[in-house]
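Visitor: Here are the chains, one letter per residue:
There are 2 protein chains.
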Amino acid sequence: MAEPQQDRSRATRRRLLDAAVGCLAELGWTGSTVSVVAERAGVSRGAAQHHFPTREDLVTAAIEHVTDERLAQLRADLPALPPGYDRTEHVVLTIGEMYAGKLFRAALQLWVAAASDDTLRAKVVPLEAHVGREAHRLTVEALDADESHPGVRESVQATLDLARGLGLANVLTDDTKRRDRVLREWARSLHRSVHEAG
Amino acid sequence: MAEPQQDRSRATRRRLLDAAVGCLAELGWTGSTVSVVAERAGVSRGAAQHHFPTREDLVTAAIEHVTDERLAQLRADLPALPPGYDRTEHVVLTIGEMYAGKLFRAALQLWVAAASDDTLRAKVVPLEAHVGREAHRLTVEALDADESHPGVRESVQATLDLARGLGLANVLTDDTKRRDRVLREWARSLHRSVHEAG
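Which chain is which? The protein sequence lines are E and W, in order.
In our numbering, each residue's number is its place in the first sequence (first place is 1) plus 3.
In our numbering, each residue's number is its place in the second sequence (first place is 1) plus 3.
Since the hints were derived computationally from the structure, they do not count as laboratory data.
One or more hints might be untrue.
Said to hold, decoys possible - Calculated from the model, a selection of chain W residues having no Cβ within reach of chain E, i.e. all distances over 10 Å: (1) Thr36; (2) Arg78; (3) Pro82; (4) Pro86; (5) Tyr88; (6) Arg90; (7) Met101; (8) Arg136; (9) Arg140; (10) Thr142; (11) Glu150.
Stated by the list, open to error - The following label-pair restraints were derived from C-beta to C-beta distances: (12) W:Pro86 with E:Arg184: 27 to 33 Å; (13) E:Asp149 with W:Thr97: 29 to 35 Å; (14) E:Val39 with W:Arg78: 43 to 49 Å; (15) W:His133 with E:Thr33: 25 to 31 Å; (16) E:Arg13 with W:His133: 34 to 40 Å.
Think of the CB as a built atom: it goes at the ideal place given N, C-alpha and C, for glycine as much as any other residue.
Given only the sequences and the hints, what does the whole structure look like? Please build it.
Guide: If you want it as structure tokens, here you go:
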């Protein structure tokens with residue numbers, strides 16, 4: 004009888020993590036209390052607090068879990084990517100999409116709240132470092148980039164920084180069309196820097 | 004006797020705007036009430052409310068005024084810029100610095116709060132459009148870029164989006180060294196796209 008209960012507990016945890024991402028993206032840090040998230044997840048407040056004693060625990064676990072899962076999906080798609088320039092463009096557009104969605108908006112709320120909250124900052128700084136490292140590693144692999152060539156590492160990093168900036172521009176208004184044009188132009192420059200450097 | 008009073012009123016307004024930027028950057032939107040800003044500015048709450056009836060009025064006026072002033076300073080520096088590649092690098096590093104400072108951190112708090120506050124959003128969306136337009140226009144001029152060439156407009160926009168993304172990466176930790184490397188490499192790509200296109 005232990006196993007179904009473990010499954011139930013995992014499912015509850017999972018619902019809480021998804022609900023926390025949705026709450027953060029829509030209501031911000033101030034609105035995303037454990038009670039609000041529990042209600043959205045259809046879980047009692049007591050059960051929520053059993054899994055996550057504090058709001059800091061809940062929301063940082065949510066961003067970490069959902070990001071790791073998204074990166075794992077993208078990694079699983081790597082073998083199907085086309086070769087050559089099409090690959091670079093596909094990777095750049097995919098990264099742009101990732102930073103234009105709900106997960107980025109949720110993470111942004113957390114990052115920005117941490118700027119004026121030392122308890123939260125202590126949890127968010129290592130999370131940001133982890134997410135940044137994993138996103139960078141995956142992008143290098145996806146672009147088939149050789150970071151031992153001068154400038155390649157910085158061009159890969161710039162791709163992620165650019166996507167973050169475009170994500171921010173998409174928070175208050177739908178910036179899809181402009182983003183698409185900017186990313187396609189950047190893919191041309193990036194391909195030159197990464198694969199035609201000399 | 005009207006003039007000294009006008010001067011005093013202007014000075015009070017100015018102190019409130021500067022204090023609002025500082026409060027937003029350090030305390031976030033939630034912490035930046037008219038009372039808190041007035042106290043920081045050394046102005047009575049009544050006087051503050053005479054100038055700015057609501058917190059929304061105060062903080063959006065602050066971001067607009069301080070940004071316009073910063074952009075005007077940068078515009079005044081244009082005639083002294085060096086020619087050629089040095090100019091591109093100087094412009095890229097200057098934009099990077101602008102988004103790494105207090106003004107960007109304050110604007111970021113406002114943008115992000117507006118994502119879950121419709122009253123604030125209605126004021127911030129036109130402000131974002133105004134600031135974006137002016138920053139773009141100045142960057143085109145500073146880079147001596149000809150936007151009628153294919154891809155040039157997008158490369159200029161990407162420079163501002165990149166700087167915004169780097170600004171975000173600088174909110175919780177000091178990212179100065181990495182930013183400098185990324186921007187110098189970016190300047191090389193950008194110079195190629197803007198001045199060696201063909």
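Visitor: None of the hints should be skipped; say for each whether it holds.
Guide: Hint-by-hint comparison with the structure:
For Thr36 (chain W), the condition that its CB be more than 10 Å from all CB atoms of chain E holds, with the nearest at approximately 14 Å. At roughly 22 Å from the closest C-beta of chain E, the C-beta of Arg78 (chain W) stays outside 10 Å, upholding its exclusion from the interface. The beta carbon of Pro82 (chain W) is kept farther than 10 Å from every beta carbon of chain E, the shortest such distance being approximately 29 Å. Under the 10 Å C-beta cut-off, the non-interface status given to Pro86 (chain W) relative to chain E holds; the minimum distance is some 22 Å.
With a closest Cβ-Cβ approach of about 15 Å to chain E, Tyr88 (chain W) is found to remain outside the 10 Å limit, as its non-interface label requires. For Arg90 (chain W), the requirement that its beta carbon stay farther than 10 Å from each beta carbon of chain E is met, with the minimum near 19 Å. The claim that Met101 (chain W) is not at the interface with chain E holds, since no C-beta of that chain comes within 10 Å of its own (minimum 13 Å). Every CB of chain E is more than 10 Å from the CB of Arg136 (chain W) (nearest about 13 Å), matching its label as outside the interface.
No Cβ of chain E approaches the Cβ of Arg140 (chain W) within 10 Å, the least distance being about 16 Å, so the stated non-interface status holds. Every CB of chain E is more than 10 Å from the CB of Thr142 (chain W) (nearest about 14 Å), matching its label as outside the interface. Against the 10 Å criterion, Glu150 (chain W) stays outside the reach of chain E, whose nearest CB is about 12 Å from its own CB. The hint said 27 to 33 Å for the Cβ distance between Pro86 (chain W) and Arg184 (chain E), and at roughly 29 Å that hint holds.
Look at Asp149 (chain E) against Thr97 (chain W): about 31 Å separates their beta carbons, and that is inside 29 to 35 Å. In this structure the supplied range 43 to 49 Å holds for Val39 (chain E) paired with Arg78 (chain W), their Cβ-Cβ distance being about 46 Å. For His133 (chain W) and Thr33 (chain E), the Cβ-Cβ distance of about 27 Å falls inside the hinted range of 25 to 31 Å, so the restraint holds. The supplied range of 34 to 40 Å is broken by Arg13 (chain E) and His133 (chain W), whose beta-carbon atoms lie about 49 Å from each other.
Of the hints listed earlier, the one the structure fails to meet is number 16.
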